[in-house]
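Each chain, written out:
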Amino acid sequence: MAGVVRRAAAATLVGAAALTLLLAGCGARKAATVAPGDLHVIDLRIPAPAGPSAALYFTVVSHAAAPDRLEAVDTTIAGMTMIHRTVVEGDRVTMEPVKGGLEVPAGGRLVLEPGGAHVMLMQLKRKLVKGDRVPVSLRFQHAGEIQAEARVISYADLEAPGSGGGGGG
Amino acid sequence: MACLLGLGCNRSAQDSGAQPAKAPTAGEKVVQRLRLSGVPFSVPLPKPDFTLTDTSGHPFHFRAQTQGYLTLLYFGYTNCPDFCPVQMANIAAVLKREPDLRPQLKVVFVGVDAPRDTPKTVRAFLDKFDPSFIGLTGTPAELKHAELAAAVPPAFVQKRFKGGYTVSHAAWVLLYTRDDLSHLRYPFGIRQSQWAHDLVVLAKHGWPES
Chain A
1 MAGVVRRAAA ATLVGAAALT LLLAGCGARK AATVAPGDLH VIDLRIPAPA GPSAALYFTV
61 VSHAAAPDRL EAVDTTIAGM TMIHRTVVEG DRVTMEPVKG GLEVPAGGRL VLEPGGAHVM
121 LMQLKRKLVK GDRVPVSLRF QHAGEIQAEA RVISYADLEA PGSGGGGGG
Chain B
1 MACLLGLGCN RSAQDSGAQP AKAPTAGEKV VQRLRLSGVP FSVPLPKPDF TLTDTSGHPF
61 HFRAQTQGYL TLLYFGYTNC PDFCPVQMAN IAAVLKREPD LRPQLKVVFV GVDAPRDTPK
121 TVRAFLDKFD PSFIGLTGTP AELKHAELAA AVPPAFVQKR FKGGYTVSHA AWVLLYTRDD
181 LSHLRYPFGI RQSQWAHDLV VLAKHGWPES
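The listed protein sequences derive, respectively, from chains A and B.
This note's numbering puts the first sequence at residues 1 to 169.
This note's numbering puts the second sequence at residues 1 to 210.
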């Protein structure tokens, strides 16, 4: 009898240990994910375009313990969007499509700004005028979809601190 | 990267202090004295002699028609949503703030994307910033000639993707003083206050003999 009890107790212990491991595993996995509330998208600005395409700039602030990745950005006002990076090499400047998205560092910031990365908005569906508000949808690998709103400003106002009203970076 | 670490920064500062200081060039001396933000050429560049087409369809002889003016020359393209419009907007903002510059300054934008930068497109692009900006267009061969004459790298189509392409082009704005030489060029990131300072000083004094 005593043996059976002991064996049952041992089984329980093993079960508990397994459960603990499982929980620990879950905990670890949970810490490694990013919830939508962990990311804040601020300072969304679109300079009123002078040509056929426009640029969207913003900052993603992460409060997560794990990195995430901005995969795509969409807006109803553009027929096509692409994440681009401006690269200066020697005396040349080039815009390059960013493959595989942009990393949002854990607890850090991803900044899209003039001369760096931007979302290129093409096939614009309407005229954008300073003061307009434009809904933007951002897709992250872990945090999923986040909705935000961009302000249309002028190119000359881009260099003003906090031009997006979010405090700048 | 070393500058991200405090130690790295200090060490490199000490190192550079320990090396024998290179004598500054004439251009560097002027830049220091006048506290300019432009980057000096070791040897100034002559104003290039090229002819392109302006936005009303007339030939524009760059050297002759900007002679004696403080002149900014930029090679960009109108489908560019980042670099080019930011540069144009910052210069335009300075002209609004410093209207006395207007009679002394010519701003010339060359649209290097021949298929898309038509006179009409370039005019519409520049009018968003300042209707006084001069817009030039040309055939690919004429554009290449102008770029080589101005000693900037010729533009080319960099990346094609569904729905468009990007263009690799010269990154700097060239500034010619009224001696018709370019002593300075300006990288991206020059702020409006820096443009204002440099343009006002150089419009007033020209390029000083150092």
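It is worth saying that the hints were derived from the structure and are not from the lab.
Keep in mind that a hint or two might mislead.
As the list claims (entries may be wrong) - Footprint (simulated), chain A over chain B, 3 or more residues, beta carbon under 8 Å: (1) 30–44; (2) 82–90; (3) 160–168; (4) 184–198.
Said to hold, decoys possible - In the DSSO-like style, the derived pairs of lysine-lysine whose C-alpha atoms are separated by at most 27 Å in a straight line are: (5) Lys96(B) with Lys120(B); (6) Lys204(B) with Lys29(B); (7) Lys144(B) with Lys99(A); (8) Lys162(B) with Lys99(A); (9) Lys204(B) with Lys96(B); (10) Lys130(A) with Lys99(A); (11) Lys106(B) with Lys29(B); (12) Lys96(B) with Lys130(A); (13) Lys159(B) with Lys106(B); (14) Lys159(B) with Lys96(B); (15) Lys130(A) with Lys159(B); (16) Lys120(B) with Lys106(B); (17) Lys125(A) with Lys128(B); (18) Lys96(B) with Lys144(B); (19) Lys144(B) with Lys159(B); (20) Lys162(B) with Lys120(B); (21) Lys120(B) with Lys127(A); (22) Lys162(B) with Lys125(A); (23) Lys106(B) with Lys96(B); (24) Lys125(A) with Lys159(B); (25) Lys29(B) with Lys130(A); (26) Lys106(B) with Lys125(A); (27) Lys96(B) with Lys127(A); (28) Lys120(B) with Lys144(B); (29) Lys106(B) with Lys128(B); (30) Lys106(B) with Lys22(B); (31) Lys128(B) with Lys127(A); (32) Lys127(A) with Lys162(B).
Glycine included, each C-beta is placed from N, C-alpha and C at the ideal position.
Structure-based check of each hint:
Using a Cβ-Cβ cut-off of 8 Å, 0 residues of the segment 30–44 of chain B lie near chain A, which falls short of the minimum of three, so the contact claim is violated. Check result for the segment 82–90 of chain B against chain A: holds, 7 residues qualifying (beta carbon to beta carbon below 8 Å, three or more required). Evaluation of the coverage hint for the segment 160–168 of chain B: fulfilled, as 7 residues show C-beta separations to chain A shorter than 8 Å, against a requirement of three. Coverage of a stretch by a chain is defined here by at least three residues with a beta carbon nearer than 8 Å to that chain's beta carbons; for the segment 184–198 of chain B and chain A the count is 5, and the condition holds.
A distance of roughly 24 Å separates the Cα atoms of Lys96(B) and Lys120(B); the hinted pair therefore holds under the 27 Å criterion. Distance hint between Lys204(B) and Lys29(B) is fulfilled; the C-alpha atoms sit about 18 Å from each other, no more than 27 Å. For the hint linking Lys144(B) to Lys99(A), the alpha-carbon distance of about 31 Å lies beyond 27 Å, and the restraint is violated. With a CA separation close to 14 Å, the supplied pair Lys162(B) and Lys99(A) stays within the 27 Å bound.
Distance restraint check for Lys204(B) and Lys96(B): the Cα-Cα separation of roughly 17 Å lies within the 27 Å cut-off, and the hinted pair is therefore satisfied. Using a Cα cut-off of 27 Å, the hinted pair Lys130(A) and Lys99(A) is violated, with the two alpha carbons roughly 31 Å apart. Under the criterion of a C-alpha separation no larger than 27 Å, the hint pairing Lys106(B) with Lys29(B) is consistent with the structure, at around 26 Å. Distance hint between Lys96(B) and Lys130(A) is fulfilled; the C-alpha atoms sit about 18 Å from each other, no more than 27 Å.
A threshold of 27 Å between alpha carbons decides the hint, and for Lys159(B) with Lys106(B) the separation of about 32 Å lies outside it, so the pair is violated. Distance restraint check for Lys159(B) and Lys96(B): the Cα-Cα separation of roughly 36 Å exceeds the 27 Å cut-off, and the hinted pair is therefore not satisfied. With a CA separation close to 30 Å, the supplied pair Lys130(A) and Lys159(B) exceeds the 27 Å bound. For the given pair, Lys120(B) sits about 20 Å from Lys106(B) by alpha-carbon distance, which is consistent with the 27 Å threshold.
Pair hint Lys125(A) plus Lys128(B) holds up; C-alpha atoms about 19 Å apart against a cutoff of 27 Å. A threshold of 27 Å between alpha carbons decides the hint, and for Lys96(B) with Lys144(B) the separation of about 32 Å lies outside it, so the pair is violated. A C-alpha spacing of about 19 Å is found between Lys144(B) and Lys159(B), which places the hinted pair at or below 27 Å, so the restraint holds. This hinted pair checks out: Lys162(B) and Lys120(B) have alpha carbons roughly 25 Å apart, not beyond 27 Å.
Pair hint Lys120(B) plus Lys127(A) holds up; C-alpha atoms about 18 Å apart against a cutoff of 27 Å. For the suggested pair Lys162(B) and Lys125(A), the alpha carbons sit about 18 Å apart, so the restraint of at most 27 Å is met. Of the pairs offered as hints, the one joining Lys106(B) and Lys96(B) holds, with about 14 Å between alpha carbons and a cut-off of 27 Å not exceeded. Between the alpha carbons of Lys125(A) and Lys159(B) the distance comes to roughly 24 Å, so the proposed pair stays at or under 27 Å and holds.
Restraint check for Lys29(B) and Lys130(A): not satisfied, since their Cα atoms lie roughly 42 Å apart, outside the 27 Å limit. For the hint pairing Lys106(B) with Lys125(A), the CA-to-CA distance comes to about 34 Å; that exceeds 27 Å, so the pair is violated. The suggested pairing of Lys96(B) with Lys127(A) holds, with an alpha-carbon distance near 24 Å, which does not exceed 27 Å. For the given pair, Lys120(B) sits about 21 Å from Lys144(B) by alpha-carbon distance, which is consistent with the 27 Å threshold.
About 17 Å separates the Cα atoms of Lys106(B) and Lys128(B), which keeps this hinted pair within 27 Å; it holds. Distance check on the hinted pair: Lys106(B) and Lys22(B) sit about 35 Å apart at the alpha-carbon level, beyond 27 Å; violated. For the hint linking Lys128(B) to Lys127(A), the alpha-carbon distance of about 13 Å falls within 27 Å, and the restraint holds. Only pairs whose Cα atoms come within 27 Å are accepted, and Lys127(A) paired with Lys162(B) is accepted, the gap being roughly 23 Å.
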